[in-house]
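Model the full assembly from the supplied sequences, consistent with the hints where possible.
Just so we're aligned, residue 291 is where the sequence shown starts under our numbering, counting upward by one.
Don't read these hints as lab results, they were simulated from the structure. Even glycine gets a Cβ: it sits at the ideal position worked out from N, Cα and C. You may find that some hints are simply not true.
[Claimed, not checked] Just the calculated beta-carbon pair ranges, DEER-fashion:
id : residue 1 : residue 2 : range
1  : D346      : T476      : 46 to 54 Å
2  : D346      : D427      : 17 to 25 Å
3  : V712      : A593      : 38 to 46 Å
[Claimed, not checked] Below, a list of computed lysine-lysine pairs in the DSBU-like style, where the Cα atoms sit at most 30 Å apart:
id : residue 1 : residue 2
4  : K426      : K499
5  : K370      : K410
6  : K309      : K458
7  : K354      : K309
8  : K329      : K370
9  : K491      : K573
10 : K603      : K584
11 : K709      : K686
12 : K551      : K608
13 : K309      : K320
14 : K414      : K498
15 : K369      : K414
16 : K458      : K499
17 : K513      : K499
18 : K456      : K426
19 : K603      : K631
20 : K426      : K354
21 : K584      : K458
22 : K458      : K491
23 : K370      : K354
24 : K410      : K456
25 : K713      : K683
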Amino acid sequence: MIDTPSYEELGRRLNEMEKQNTSLIETIEKLRESEERLKTIFENADDHIAYIGLDDRIIDVNHKFEDIFGHNRDDVLGKKFYEFSVLSPEDWQRSLEYTRGAIGEDPGHSPVLEFEAVAKDGRKVYLEVNPRAVVKDGEIVGFLSITRDITERRRAEDALRESEEKFKTIFENANDHIVYIDVDGTVIDINQAFEDILGYKREEVIGKKFYEFEALNLGDWQKAIDAANDLLEGKSVEDQVFEFEAIASDGRTIYIEVNPKAVVKDGRIVGVLAITRDVTARKQERDDLEELVKERTSNLEEANTALRVMLKKAEEVKTEMEDRILFNVKEFVFPYLERLKRSPLSEIQMTHLENLEENLNDITSPFLHGISTRYMRLTPTEIQVANHIKQGKTTKETAQLLNMSPRTIETHRYNIRTKLGVKNEKVNLRTYLSSFV
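The following block contains the structure:
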């Protein structure tokens, strides 16, 4: 016989059911709110999110997913990734296998994968995918594919890699010898040309402080250290070129020219590139030239000394000859002139004799060169006329002495004034001519 519950029991059960219903409604409301929050986060996340079921088909995507790939939500729901050419089937399969394997071993593990994908408009994009398991009641029911567009980052990385490869190629193949030193003075790298010129292998140099490198003498090292410190402190020494004496590994002495360059990264100096050239041959040529100049200078000084001696000797000989000529004229000419003066002569003969005596005095006078210089443009006849004028002879007297007409003498006087530059000057010609002697 079934017991019939009392009204009290029914009332109690009804109250319990009402409480359970209220609790269930609250739970459903909280779940709905939670789903709305998740939906809001899902839709407004900066990352591109796709919810994928265990059958590999897309259950949902957010707006960012539509933005990056260009596919509307209706185009992709229920499809697999490779069906709308986002990923190749191979990449998609690799992604799923890797994700399932990683999450299967550790559901809390979140591997990060990179893929190359194609958007709807044909653009090539690079994706960073972080898949996460969707767990319900302790079981995995799907995956969230959280994706970021790293195209710009990849391009920057590719550009940086290309730049580094280009720099490395230039670095290794440069004719100049290059050493890369960090801010602590440690040698980071050297190129092949540096190895070739000094004979030190890369492994002997890299990792050492550059002042531990026994290629330079102490004084040159101090110059190098000062230049490097100036660069690291931001002082400009890049236009300066330093010359050092270096010792190769085989003991040879070579001369190098160093042009330091600051290495700047993200706006700060991180090291120094020492660009070096072997200038041994050039220095040898310069030293040879300096030696040649020194030798030629010495030869010129000796030649100048010899020339001064010769000029002094020539002056002595000249003085001696002048003295001898003066002596001979006074001893052997003037006595005969005096005898002629005392002999019976006509007036014209006496005048000629006086002219001869005057000319001899001029010749033996130290003022002869002044007369010759001023007279060098005069004709012989004009010189005779000038001598008579200087002696105070009138035009008529000069004409008689030279057997010329007075008009001709006047013409000669005019020419003499013109050639001596006193044609239009109010200068007495006799006085002017007498000033020569």
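Outcome of the hint check:
1. Checked against the given bound of 46 to 54 Å, the beta carbons of D346 and T476, roughly 53 Å apart, stay inside it.
2. A C-beta distance of roughly 21 Å is found between D346 and D427, which places it inside the suggested range of 17 to 25 Å.
3. Judged by the Cβ atoms, the range 38 to 46 Å given for V712 and A593 holds: they are separated by roughly 44 Å.
4. Using a Cα cut-off of 30 Å, the hinted pair K426 and K499 is violated, with the two alpha carbons roughly 61 Å apart.
5. The suggested pairing of K370 with K410 holds, with an alpha-carbon distance near 15 Å, which does not exceed 30 Å.
6. For the proposed pair K309 and K458, the alpha carbon gap of about 76 Å is over 30 Å, so the pair is violated.
7. Under the criterion of a C-alpha separation no larger than 30 Å, the hint pairing K354 with K309 is inconsistent with the structure, at around 43 Å.
8. Between K329 and K370 the alpha-carbon distance is near 22 Å, which keeps this suggested pair within the 30 Å criterion.
9. In summary, the hint linking K491 to K573 is supported, as the alpha carbons are separated by about 26 Å, within the 30 Å threshold.
10. For the proposed pair K603 and K584, the alpha carbon gap of about 28 Å is at most 30 Å, so the pair holds.
11. Proximity of K709 to K686 is assessed by CA-CA distance (about 22 Å); at most 30 Å being required, the pair is judged to hold.
12. Annotation: proposed proximity of K551 to K608 is violated, straight-line Cα distance about 69 Å (limit 30 Å).
13. Under the criterion of a C-alpha separation no larger than 30 Å, the hint pairing K309 with K320 is consistent with the structure, at around 16 Å.
14. Annotation: proposed proximity of K414 to K498 is violated, straight-line Cα distance about 45 Å (limit 30 Å).
15. Simply put, K369 and K414 have alpha-carbon atoms about 21 Å apart, close enough for the 30 Å limit, and the pair holds.
16. A distance of roughly 22 Å separates the Cα atoms of K458 and K499; the hinted pair therefore holds under the 30 Å criterion.
17. For the proposed pair K513 and K499, the alpha carbon gap of about 15 Å is at most 30 Å, so the pair holds.
18. Taken as a hint, the K456 and K426 pair is broken in the structure, with Cα atoms around 53 Å apart against an allowance of 30 Å.
19. At most 30 Å may separate the alpha-carbon atoms for a hinted pair to count; K603 and K631 exceed this at roughly 40 Å.
20. About 25 Å separates the Cα atoms of K426 and K354, which keeps this hinted pair within 30 Å; it holds.
21. Taking the CA atoms of K584 and K458, the gap is near 46 Å; set against the 30 Å cutoff, the hint is violated.
22. Restraint check: the Cα-Cα separation between K458 and K491 comes to about 18 Å, which is no more than 30 Å; the hinted pair holds.
23. With a CA separation close to 18 Å, the supplied pair K370 and K354 stays within the 30 Å bound.
24. Annotation: proposed proximity of K410 to K456 is violated, straight-line Cα distance about 34 Å (limit 30 Å).
25. A distance of roughly 20 Å separates the Cα atoms of K713 and K683; the hinted pair therefore holds under the 30 Å criterion.
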